[in-house]
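S.K.: Order-wise, the sequence lines are chains A and B.
-10 is the number of the first residue of the first sequence in this note's numbering; add one for each residue after it.
109 is the number of the first residue of the second sequence in this note's numbering; add one for each residue after it.
Treat each hint with caution, since some may be false.
As the list claims (entries may be wrong) - Straight-line Cα separation of at most 30 Å, BS3-like style, residue types lysine-lysine; simulated pairs:
#1 A/LYS24 with B/LYS246
#2 A/LYS97 with A/LYS24
#3 A/LYS97 with B/LYS322
#4 B/LYS152 with B/LYS142
#5 A/LYS97 with B/LYS142
#6 B/LYS322 with B/LYS264
#7 B/LYS322 with A/LYS120
#8 B/LYS159 with B/LYS402
#9 B/LYS152 with A/LYS27
#10 A/LYS254 with A/LYS120
#11 B/LYS246 with B/LYS142
#12 B/LYS246 with B/LYS264
#13 B/LYS246 with A/LYS97
Unchecked claim - Taking CB as the label site, the calculated pair distances span:
#14 B/SER300 with A/PRO32: 58 to 64 Å
#15 A/GLN96 with B/VAL342: 44 to 50 Å
#16 A/ARG121 with B/LEU262: 44 to 50 Å
#17 A/PRO32 with B/ARG320: 54 to 60 Å
It is worth saying that the hints were derived from the structure and are not from the lab.
A virtual CB, placed ideally from N, CA and C, is assigned to each residue, including glycine.
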Amino acid sequence: MAAEIVEEDLGTVATGVAGSTLTVNNVGKSYNIAKTPKSPPEPTPVLQPVSITAPPGELVTIVGPSGCGKSTLFGIVAGLEEPTQGTVEIDGQDVTGTTGHVGYMLQKDMLLPWRSILDNVIIGLEVRGVKRSDAVAAARPLLQEYGLGDYEQARPAQLSGGMRQRAALLRTLLFNRPIMLLDEPFGALDAQTRLQMQLWLLEVQESFQKSIVFVTHDIDEAVLLSDRIYVMRGRPGYVAREIHVDLPKPRDTQITTTPEFTAYKDEVRSLLMDKGE
Amino acid sequence: MTVTAVTTQKPETAAQEVGAHRTPTQVLQELEAKAPKESAKSRKVLSEDRKASPVLVNLLRIAVVVVVFGGWELGTRTGHINAFFWSSPSRIFAKAQEQFAAGTFWGDIAYTMTSSVVGFILGTLIGTALGLSFWWSKTYAQTAEPFVIMFEALPKIALAPLIVLVLGVGIDSKIALAAALVLAIQALNAYSGVRTVDRDIIRMMNSLGASRMKIFRSVVIPSTLPWIISGLRVTIGLALAGAIVGEFIGSSQGLGYRIMYAGSVYDIALVWLGVFVLAILSVLLYIVVAFLEKRLGTQLSGKK
Ligand SMILES: Nc1ncnc2c1ncn2[C@@H]1O[C@H](COP(=O)(O)OP(=O)(O)OP(=O)(O)O)[C@@H](O)[C@H]1O
Ligand SMILES: [Mg+2]
């Protein structure tokens, strides 16, 4: 279904449906922040050096308290900001500080209010220079599949919060990079929609074999979705532990009641709750 | 009294801060103890969208017109109002029949309409382009800002004699004046719009690897358009004013010229006729612009 999405040669970096490794090497960030309104701004670390790996087809979750620098890290990986130190690599290629290599879904849906849903979800392809007819042909079946088929001509303001997030996710998916960064994509959803979306993401991941990096505050969500979890702590944040989740895939909701699932949850929770170093 | 209250309160709060840590529950309880006791009156909220009866409103409007014009006519007939200076509705009506039959009046209307509409369009386009251009460079924008504000604040009508001198008594000077009035406002409107473009949307576009031009076309222009559009209703009136002032200063055609001329030969009925026709024209232009605004507005926000 998505095979018809047009491939484009970006030169050095591999593009396409699947098969890239994201490596974040010791990436740290400081901002110049004035402590008080009068004092001069001084470099303040907001992210201690972190290293993260997302192999092809893995879903990697980052959990951590608010303000520990997760969105900052995503901004750096997406090339929107330069790290103070460290590098970002895709398949061994240094892509630090350059954009267009990853699909990035920001914390808010960021749909353009003056565009229809259809035109919103194909904007990434538009930027890549894909012909509109090809982009539409790729978007239509996906919109249909994910319950937005009747709304392709609607404006974002006419959609519910859950539908908007689905559209934003679809936009990220249609940009069709092997690596996707999702910053709390389901944060604003009700429990039922959220579960639907989680299962959907598992399905997407299963069928497209993308490397997905996912930020969440929800421990259940982290364990249900992930192949590995990075637990962050502190302000500035650092990676406290990397946990490999060896639960069978494909997963569904039944798994949430198993003792293994609970054990992973407890491990993550105790790391997050433990205030001491 | 307030002074003493403040001075007595100070040590008290200080003592509390020094004292034991208070839980949120305690904080709220203490607040409640200090808050004034509410009297047990609950209000009935008047609905915000209650409607006035349209029949009544229209009847009242007609009544206002009848009273004003009837009073005017009556006043001149009974001699309470000096008909030489104020003319009268019946004379103005007779003047209208005469002028419209003669045909020159139509030419004046066309002349004034042309210069205001052309000036309006030019001013909107140039002003918008100027305001949008500020998006491209912060240095450029900040350098230009005080000058644009100065030009906005300047009563541009004061430039009218100069503009007529430079561009001549033809239609060019009228268009230029109308455009100048519109331009300054729309440039600032567009610049305000540019400054409020959602930075996260730009982040999203950047993450897709979009070029500056692509972001400009796909994000900056559409999100600035509502600012431009909301300025149109104000600027259409200004364009008309600019054209009229240009005709006052020097012209051989147009409603402004006609009014000026009529005034100089004490043809007060013709002055009034010109003013009424101008009022009708400005209402017509306003309606057209309001209609366009509504159309474009629904397109942009997507709300039906
Ligand atoms: N542009 C900036 N300038 C200065 N400080 C910043 C900037 N962006 C982020 N910060 C600071 O960096 C820290 C980390 O912010 P970040 O948004 O990455 O947190 P987060 O982990 O994503 O939190 P949340 O879970 O609430 O989204 C915060 O303390 C924030 O104030
Ligand atoms: Mg965040």
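S.K.: None of the hints should be skipped; say for each whether it holds.
M.R.: These are the hints, each one checked on the structure:
Annotation: proposed proximity of A/LYS24 to B/LYS246 holds, straight-line Cα distance about 26 Å (limit 30 Å). For a cut-off of 30 Å, the pair hint linking A/LYS97 to A/LYS24 stands: about 28 Å separates their Cα positions. At roughly 21 Å between alpha-carbon atoms, A/LYS97 and B/LYS322 fall within 30 Å of each other, so this suggested pair holds. Of the pairs offered as hints, the one joining B/LYS152 and B/LYS142 holds, with about 27 Å between alpha carbons and a cut-off of 30 Å not exceeded.
Annotation: proposed proximity of A/LYS97 to B/LYS142 is violated, straight-line Cα distance about 41 Å (limit 30 Å). For the proposed pair B/LYS322 and B/LYS264, the alpha carbon gap of about 36 Å is over 30 Å, so the pair is violated. With a C-alpha separation of about 15 Å, the suggested pairing of B/LYS322 with A/LYS120 holds against the 30 Å cut-off. Restraint check for B/LYS159 and B/LYS402: satisfied, since their Cα atoms lie roughly 22 Å apart, inside the 30 Å limit.
Restraint check: the Cα-Cα separation between B/LYS152 and A/LYS27 comes to about 49 Å, which exceeds 30 Å; the hinted pair is violated. The suggested pairing of A/LYS254 with A/LYS120 is violated, with an alpha-carbon distance near 45 Å, which exceeds 30 Å. Our distance criterion of 30 Å between C-alpha atoms is broken by B/LYS246 and B/LYS142, whose separation comes to about 51 Å. The straight-line distance between the Cα atoms of B/LYS246 and B/LYS264 is roughly 27 Å, inside the 30 Å bound, and the hint therefore holds.
About 26 Å separates the Cα atoms of B/LYS246 and A/LYS97, which keeps this hinted pair within 30 Å; it holds. Evaluation of the 58 to 64 Å hint for B/SER300 and A/PRO32 yields a failure: the beta carbon distance comes to about 33 Å. Separated by about 38 Å at the C-beta atoms, A/GLN96 and B/VAL342 break the suggested range of 44 to 50 Å. Between A/ARG121 and B/LEU262 the CB atoms are about 46 Å apart, so this pair conforms to the stated range of 44 to 50 Å.
Distance hint check for A/PRO32 and B/ARG320: the Cβ-Cβ separation is about 29 Å, which falls outside the suggested range of 54 to 60 Å.
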